[in-house]
Amino acid sequence: MLMDKVAEILAEASAEAVEPRFRALAAGEVMEKAPGEVVTIADREAEAIIARRLRELLPVPVVGEEAVAADPSLAQALHDEPAVWLVDPVDGTSNFVAGRPDYAVMCSLVRSGRTVASWIRQPATGTAYRAELGAGAWRDGERLTRPPAPADPAKLTGVLKSRFLDPDQRRLLEANCSAFGEISPGRSAAGIEYPDVTEGRFDFIFYWRTLPWDHAPGSLLLTEAGGVAARMDGAPYRPEAPGCEDGLLVAADPHTWELTRDILLGT
206 MLMDKVAEIL
216 AEASAEAVEP
226 RFRALAAGEV
236 MEKAPGEVVT
246 IADREAEAII
256 ARRLRELLPV
266 PVVGEEAVAA
276 DPSLAQALHD
286 EPAVWLVDPV
296 DGTSNFVAGR
306 PDYAVMCSLV
316 RSGRTVASWI
326 RQPATGTAYR
336 AELGAGAWRD
346 GERLTRPPAP
356 ADPAKLTGVL
366 KSRFLDPDQR
376 RLLEANCSAF
386 GEISPGRSAA
396 GIEYPDVTEG
406 RFDFIFYWRT
416 LPWDHAPGSL
426 LLTEAGGVAA
436 RMDGAPYRPE
446 APGCEDGLLV
456 AADPHTWELT
466 RDILLGT
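Each residue of the sequence shown is one higher than the one before, starting from 206 at the first, in our numbering.
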């Protein structure tokens, strides 16, 4: 069964290349791949393992975060190919390097521009999430349904990811967030944050940068559990090549999504 086999691939790659290096990275095993962004030997080795095994399972192109960092043209497969694997070998690399347990190993299967299956593994706890379009969201074999969110915005808890916003946008959104109960900067890993929304630890998250390997896995998990992942104009999220940034709001349910969007935009 595809769902089980991919979960096994992520678990094995994590055990082989990622977990042994947690809090054990040598100085030469951490490199800067872009200003303010690091990559480790664990990212690169895990991606190579996962990509090879996914191709053996289903021989379609693999769009991996680290491969795209080396050759951005590879991301075009998301638009050109009927089916694509998306891989994020260590989501939350900055946490991983700092020895914080908030990191994940993730992949998803995209067909005709839609995420049809996704997997998130959190190595620090061994928790495994999966979702399949039209078939539900699961944590360690337990079906997930997003708990109800408070109706009062003053009781909503959320995350505002403002790092990539311009200063004027940041000031506007931060000011409008005063209407909510509690706002945090998040946990610096989509593979941790999306499960947090899905299981009720946050009620919403606003993202600006939406790299496909970060958001395809969790957005399917959330929507299959009853939540919403949509652009600010209401268009459902679909994975796109890097550079197609237009903001993304994910929330517990349609009402919470609309309420949060209107408050954030001041409408």
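The set of hints was computed from the structure by calculation and includes no laboratory data.
Take these hints with a grain of salt, some might be off.
Within a straight-line C-alpha distance of at most 35 angstroms, the following computed DSBU-like cross-link-like pairs (lysine-lysine) qualify [as the list claims (entries may be wrong)]:
hint : residue 1 : residue 2
1    : 210       : 366
2    : 360       : 238
3    : 238       : 210
Cross-check of the supplied hints:
About 33 angstroms separates the Cα atoms of residue 210 and residue 366, which keeps this hinted pair within 35 angstroms; it holds. Pair hint residue 360 plus residue 238 does not hold up; C-alpha atoms about 40 angstroms apart against a cutoff of 35 angstroms. Among the hinted pairs, residue 238 with residue 210 is consistent with the structure: their alpha-carbon atoms are about 31 angstroms apart, no more than 35 angstroms.
The earlier numbered hint that this structure contradicts is number 2, and it is the only one.
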